[in-house]
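**Q** In order, the protein sequence lines correspond to chains A and B. Residue numbers for the first sequence, in the numbering used here: 1 to 97. Residue numbers for the second sequence, in the numbering used here: 1 to 513.
A portion of the hints provided could be inaccurate.
To be verified - Part of the chain A face toward chain B, derived, beta carbon under 8 Å:
| hint | residue |
| --- | --- |
| 1 | 13 |
| 2 | 15 |
| 3 | 16 |
| 4 | 31 |
| 5 | 35 |
| 6 | 41 |
| 7 | 42 |
| 8 | 45 |
| 9 | 71 |
| 10 | 74 |
What the hints contain is simulated information worked out from the structure, not anything from laboratory work. Since the model is a prediction, treat every value here as computed from it, not as a measurement. Ideal Cβ positions, reconstructed from N, Cα and C, are used throughout, including at glycine.
Each chain, letter by letter, is given below.
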Amino acid sequence: MSGVLKTAQAGTLESGDIMITIASGPSDSGIVLELDSIVLAQYGKAISQTIRAVLTAQGITDVYIKAVDRGALDCTIKARTLTALGRAGAVLKEDLV
Amino acid sequence: MKNAIGREIPELIDGFGQTVPFAGAFQTTPTMQRQAPKVKTIRPGQSKLMDSLEEVFKKIPITDGMTLSFHHHFRNGDGVVNMVLETAAKLGIKGLKIALSSVFPVHAPMIEHIKNGVVTALDTNYMSGPVAQAVSKGILEKPVILRTHGGRARAIECGQLNIDVAFIAAPAADDYGNINGVQGPAACGSLGYAFPDAEFASNVVAVTDHLVEYPLSPVSIPQTRVDYVVKVERVGDPKGIVSGTTRITKDPVGLKIADAAARVIEASGLLKDGFSFQTGAGGASLATAHFVRQMMERKNITGSFALGGITGYMVEMLEKGLFKKLMDVQGFDLDAIRSIAANPNHMEISANFYASPFNNGCAVNKLDVVILGATEIDTDFNVNVVTGSDGVIMGGSGGHADAAAGASITIVVANLLRGRLPIIVDRVLTATTPGETIDVLVTERGVAVNPRRSDLKEKLLAAGLPVKEIAELKSEAERIAGVPDSLVTGERIVAVVEYRDGTIIDVVRQLEE
């Protein structure tokens, strides 16, 4: 699977969390990531890498992602991204268990 | 050139002049004479009472390029700075230097006055809010001078900060210029930070909304130093001046840190009769006082004094006999005001008395223990309390560097991780307080002792405290949060950070857009 079926969201705007919104992108658009973070200067690259790594591992290529980060740790970022993908129908539920 | 803590300080800074690099906390000795303002006289029957600020401006007269000073006891409720600057703008005055001991969000109108050239320089000890943000973005051509509370008093007394006109926000005054801070609708308690201004400025103006019959009593700032008195409708908003009561934090991490800090004090051996103490009003700092108090009660210890900004919590400790005296340079809540007005053991002290390094002894020198905060601390124990994680100015030393230099033991309390950001870094973005004056860092995951204090480290280990190397704590945080990238700063200097002795400890550079 290379895209997502529907728009979905995971996470909150609480401190220490990240809110991930995923929508399908036009084919061949690639991964379009819009990132907003309170620690953009210190962890912007790391957050972006983490999200892209999850997408790549799931074989997602054409997608639009908006991430609003409130200082989430790596494990949280991975979990929220995976959950958003699951809700978007891009990841099988079993993969999340 | 590099100063004693390895910060790169230009020899000449545009809009500031020649710099003297920081050489060590006690390496610089004074060689100057004290500042002496012009001698004045006033005849019997001559009135000091003016109808408006405008009249004061014309009478003095206030002209382009002068330095106007203000104190910050009204904090975010201050109305005087905005009123005076509005008057200056109305009269078409340009190029003023504003020496305001702390800048708060309420001072946002200053930005317009900077844009219009009314204000062209700023000298302060702490700044937060819109003005601090605008300064960080380079709104002022000249760099802001950031001093410590003791350093400002020193600069005024030693003739390095020459004040043409000091405006004293006066909660109560009489028509001959006697002032106190404990009466009237805008009562703020101690007026300590205004004392150097009143003593050394060329002209002193009392601005009040509570004019009482002569003579006012008690007197904090006397008629002998005040040129003019102006009555205005309202000097400030009492809600922004004081808080109702100051509460102990309920945050479990903050409490854990405070508990460990109190145990550090106990283990140091200083917690005995005669104990002297300073702590802030925020989070873990005030909570530390709470745990220290329990220990003092349990062991039946009577302390000598608590110092600095005073909260109701310290007042309660005074009233319960846990401290014999309070030395108050600034009151934070209604209890502090009530107490300083009524209790002779609650002393009002000036900024010089509190913290100036260049006189015959300031109160911080007599401190056993001070508890301080930090936005960043580096592995050399240098502390940043000026710039936030985004590189924008959000504070300043205030009394931080002063108390750290004076106290026998200086303890920094901080969460190892603030949000995702580790508090310990290789190199703080802006150094405010030199590591040689910081003895212990207390976090929720362990306690680090400055290698200069091996004596203390042994005591803490013997008491079973979780002592770790500061580098060890740093890697622990980075294991959880990842290693942060450093902020990229540009070349332009927006603020010069002066150590309390007048040497330059660091500069704040504008961020790359």
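**Q** For each hint, tell me whether it holds in the structure or not.
**A** Verification of the supplied hints:
1. 13: 13 Å, violated
2. 15: Because about 6 Å separates residue 15/A from the closest Cβ in chain B, which is inside the 8 Å limit, the hint holds.
3. 16: Constraint on residue 16/A satisfied, holds at 7 Å.
4. 31: 21 Å, violated
5. 35: Because about 14 Å separates residue 35/A from the closest Cβ in chain B, which is outside the 8 Å limit, the hint is violated.
6. 41: It holds, given that the least Cβ distance between residue 41/A and chain B is near 5 Å, below 8 Å.
7. 42: With Cβ-Cβ at 3 Å, under 8 Å, it holds.
8. 45: 6 Å, holds
9. 71: 3 Å, holds
10. 74: With a closest approach of 6 Å, the residue 74/A hint holds.
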